[in-house]
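Got chain C sorted already, so can you dock chain U onto it with the hints?
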Amino acid sequence: MSSITFDHHADRSKMAVSDEVAIEIRNMNKWYGSFHVLRDIDLTVYQGERIVIAGPSGSGKSTLIRCINRLEEHQEGQIIVDGTELTSDLKNVDKVRSEVGMVFQHFNLFPHLTILENCTLAPIWVRKEPKKEAEERAMHFLEKVKIPEQAHKYPGMLSGGQQQRVAIARSLCMMPRIMLFDEPTSALDPEMIKEVLETMVELAEEGMTMLCVTHEMGFAKEVANRVIFMDAGQIVEQNEPEEFFNNPQSERTKLFLSQIL
Amino acid sequence: MADLSFVRSEMLPERAPPATEVGIVKWLRTNLFSTWPNALLTIAAFYVIYLVLAGVLPWLFGGVWTTSSLSECREVLQGDVGGCFSVLTERWNQLIYGFKYPTELYWRPNLALVLLAFAAAPVLFFDLPRKLLLFTAIYPFIAYWLVWGGPIGVPVTAFVGILGAYLVFERFSASNFALGALGGVAAAFVLWFIGGYLVDMMASENPLLTPVASRDLGGFMLNLMLGVTCVSLSIPLGIALALGRQSSMPLIKGVCVIFIEFIRGVPLITLLFVASVMLAYFFPPDATVDLFLRVVIMITLFSSAYIAEVIRGGLAALPKGQYEAADSLGLDYPQAMRFIILPQALKISIPGIVNVAVGLFKDTTLVSVISMFDLVGMIRGPILASQEWNGVYWELLGFAALLFFVVCYGISQYSQWLERRLRTDHR
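In the order they appear, the protein sequences are chains C and U.
Numbered according to the numbering used here, the first sequence spans residues 844 to 1104.
Numbered according to the numbering used here, the second sequence spans residues 19 to 445.
No wet-lab data here; the hints were simulated from the structure.
Among the clues, some could well be false.
Unchecked claim - Derived lysine-lysine pairs resembling DSBU-like cross-links, with alpha carbons at most 30 Å apart:
{"hint": "1", "chain 1": "C", "residue 1": "971", "chain 2": "C", "residue 2": "987"}
{"hint": "2", "chain 1": "U", "residue 1": "365", "chain 2": "U", "residue 2": "380"}
{"hint": "3", "chain 1": "C", "residue 1": "975", "chain 2": "U", "residue 2": "149"}
{"hint": "4", "chain 1": "U", "residue 1": "365", "chain 2": "C", "residue 2": "975"}
{"hint": "5", "chain 1": "U", "residue 1": "149", "chain 2": "C", "residue 2": "996"}
{"hint": "6", "chain 1": "U", "residue 1": "365", "chain 2": "C", "residue 2": "971"}
{"hint": "7", "chain 1": "C", "residue 1": "975", "chain 2": "C", "residue 2": "987"}
{"hint": "8", "chain 1": "U", "residue 1": "338", "chain 2": "C", "residue 2": "938"}
{"hint": "9", "chain 1": "C", "residue 1": "1037", "chain 2": "U", "residue 2": "338"}
Claimed, not checked - Just some of the chain C residues that point at chain U, by a computed CB distance under 7 Å:
{"hint": "10", "residue": "912"}
{"hint": "11", "residue": "914"}
{"hint": "12", "residue": "937"}
{"hint": "13", "residue": "940"}
{"hint": "14", "residue": "941"}
{"hint": "15", "residue": "945"}
{"hint": "16", "residue": "949"}
{"hint": "17", "residue": "951"}
{"hint": "18", "residue": "953"}
{"hint": "19", "residue": "955"}
{"hint": "20", "residue": "964"}
{"hint": "21", "residue": "965"}
{"hint": "22", "residue": "969"}
{"hint": "23", "residue": "997"}
What the hints assert, rightly or not - From the derived model, a few chain C residues whose C-beta atoms are all more than 10 Å from chain U:
{"hint": "24", "residue": "867"}
{"hint": "25", "residue": "899"}
{"hint": "26", "residue": "994"}
{"hint": "27", "residue": "1086"}
None of these values were measured; they are calculated from a predicted model.
Backbone N, C-alpha and C fix where the C-beta goes; we use that ideal spot for every residue, glycine too.
Pulled out of the complex, with its shape left as it was, chain C reads as follows (with noise of 0.2 Å):
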């Protein structure tokens, strides 16, 4: 699973974790119908954190941070993402959805608008931005990402990896000041892999708080402050990527451990 190699180590130098809190989840509990996904989660964010979110698949790490921009409600507990709370009223909803940027496993680009489009569309609506000033910021991730010369074409002709580097344009163009990447790189073949992941660990350098649910242990030792094991919806196991990768505490992080590495 970790197979992929950076052809740079990452400059930790600039990932500076403040005392700021991005994130504030209290006791948190969530159930689809009768089943108990999320249970008794508490975990704080700090700006400028890099966590990445580990486990085998039906742990709920994707429900978790889905749970932080509201894509997935919660029944018990609290989430405050930036100072506001997540309830039902859909002000709070929409300002933290503004905020909080999210890349999905399969790209969710908008087939029927063209890249630029895509990156422009909740600036000019959501943030009321002129649209010259939009495309201009737009083009500015666009190069940054590695593909303005694709601005004018439509997701379908791209390949996965490109899209998915679009879809992290097309979120940071909203300025968020939290990422969120749901299994950014499960659908793509292994050269994507990279060209995707080293998008993600620029982004990291220039001190963004990212909350990544991935396989790369790769990526997680790099560029991870913090990885977090999920298994059966509790938090099993959190710790700095050396002693957590190194020195594993619990019977199920060995587990897991010794299959994907």
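Relative to chain C, chain U alone:
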């Protein structure tokens, strides 16, 4: 074991393909005469085509166009094969405008039809400048005034009411959608109420355009008017119903489901009878709703239920990720629908919507059973019942079929162009 090594000593020159594998010969061989049974079928099919054409072409080209009755046609033809197309030329005005629309006013529906082309163009071909949509917005009121005539205050009041509703909606919907929508409706009614008084006060004895009653409309003009009006009203209504059916609010969802299921369970013809006969029982004795309007409402409700189901299919075909991506970018519900969901769902629904639209247009001939004289009503009633043309079925109904075919084929071709134009996935 044989020797496997091989070295080519000279390169082969390029050669033309065999004569039986190129051009028309190859096409005939692969498409018409590929096997013995296919060859026999081809020959049989050519024979059938010959028989049909041998019957139809002399009838078509040997036809008579200038006599004034069926018996004169027979005299001219002297027993030869030939159609009596004189009925089309002699009764042309009746077929197109009905028999009561004043002859000297034909220019008015004609002008409305020409303007329709300009009003429809920016809607159908979205590469045209968006400013042209302003004309599309005022066209219904111009067309109404041209066809029905009467005091100009009526369409102006109707327009001002809608404009007022739009402005109120624009002003308030950004902060509160429900407030905007209700305020818009209220504004329209207030403006219409005031306008109604003003129109009554200022009504003159001689309005600029002579009024024409709905009863006097007829012919193919009536089919076109009903078709265009009902299609353009039922698509937005169908979208609203489809979205309502997906709503998480039980009341809205329930109303939409009941409406759709009820309308789909009832034949159009019964709805038309209700419109023409029974609605009068539900109104106060002195209140009347124009017959044309009643028919438009019924056909619109009928086809909007079908369009709603077609669009629901399109909505269901979209991956859930599209909704999630729109949500995660912070787009609110109206924005997500307008920019992300509906453009894709409607694109998927184009063939189904066109199906309903073509069906609707053909169903406009059903109004002949509630004694409105549309094209078919004119043919079955005044024309075939007349002494001169009693018995001219093929020519008249063939002409009606041709008119409907031209319009429906045009709609179908447009929709195929639209699907090609909107294709961005490059599969």
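Hint check:
Note on residue 971/C and residue 987/C: the hinted pairing holds, with a Cα-Cα distance of about 23 Å set against a maximum of 30 Å. This hinted pair checks out: residue 365/U and residue 380/U have alpha carbons roughly 23 Å apart, not beyond 30 Å. Annotation: proposed proximity of residue 975/C to residue 149/U holds, straight-line Cα distance about 21 Å (limit 30 Å). Simply put, residue 365/U and residue 975/C have alpha-carbon atoms about 28 Å apart, close enough for the 30 Å limit, and the pair holds.
For the proposed pair residue 149/U and residue 996/C, the alpha carbon gap of about 27 Å is at most 30 Å, so the pair holds. Between residue 365/U and residue 971/C the alpha-carbon distance is near 27 Å, which keeps this suggested pair within the 30 Å criterion. Restraint check for residue 975/C and residue 987/C: the C-alpha separation of about 18 Å stays at or below 30 Å, so the hint holds. Between residue 338/U and residue 938/C, the direct Cα distance comes to roughly 22 Å. Compliance with the 30 Å bound is thereby established for this hinted pair.
Distance restraint check for residue 1037/C and residue 338/U: the Cα-Cα separation of roughly 27 Å lies within the 30 Å cut-off, and the hinted pair is therefore satisfied. At about 6 Å, the closest approach between the beta carbon of residue 912/C and any beta carbon in chain U falls short of 7 Å, and the interface hint on this residue holds. Interface hint status for residue 914/C: upheld, as the beta-carbon distance to the closest one in chain U is roughly 5 Å, under 7 Å. Taken as an interface hint, residue 937/C checks out: its beta carbon lies about 5 Å from the nearest beta carbon of chain U, inside 7 Å.
At its closest, the beta carbon of residue 940/C sits 4 Å from a beta carbon of chain U; the interface hint therefore holds under the 7 Å criterion. Checking residue 941/C against chain U: minimum C-beta separation of about 4 Å stays under 7 Å; hint holds. At a threshold of 7 Å, the smallest CB-CB gap from residue 945/C to chain U is about 4 Å, leaving the interface hint in force. For residue 949/C, the interface hint holds, the least distance from its beta-carbon to any beta-carbon of chain U being 6 Å, beneath 7 Å.
The interface hint given for residue 951/C is met, as the beta carbon of that residue sits about 4 Å from the closest beta carbon of chain U, less than 7 Å. The closest approach between the C-beta of residue 953/C and any C-beta of chain U is roughly 6 Å, which is under the 7 Å cut-off, so the hint is satisfied. Evaluation of the residue 955/C hint against chain U yields a held restraint, the C-beta minimum of about 5 Å falling below 7 Å. For residue 964/C, the suggested interface contact is upheld, since its CB lies about 6 Å from the closest CB of chain U, less than 7 Å.
Hint status for residue 965/C relative to chain U: holds, with the closest Cβ pair at about 4 Å, below 7 Å. The interface hint given for residue 969/C holds, since its Cβ lies 5 Å from the closest Cβ of chain U, which is under the 7 Å cut-off. For residue 997/C, the suggested interface contact is upheld, since its CB lies about 4 Å from the closest CB of chain U, less than 7 Å. The Cβ of residue 867/C sits about 20 Å from the closest Cβ of chain U, beyond the 10 Å cut-off, so the non-interface label holds.
Every CB of chain U is more than 10 Å from the CB of residue 899/C (nearest about 23 Å), matching its label as outside the interface. Even its closest Cβ contact with chain U, about 14 Å, leaves residue 994/C beyond 10 Å, as expected for a residue assigned away from the interface. At the 10 Å boundary, the C-beta of residue 1086/C stays outside the reach of chain U, the nearest C-beta of that chain being 32 Å off.
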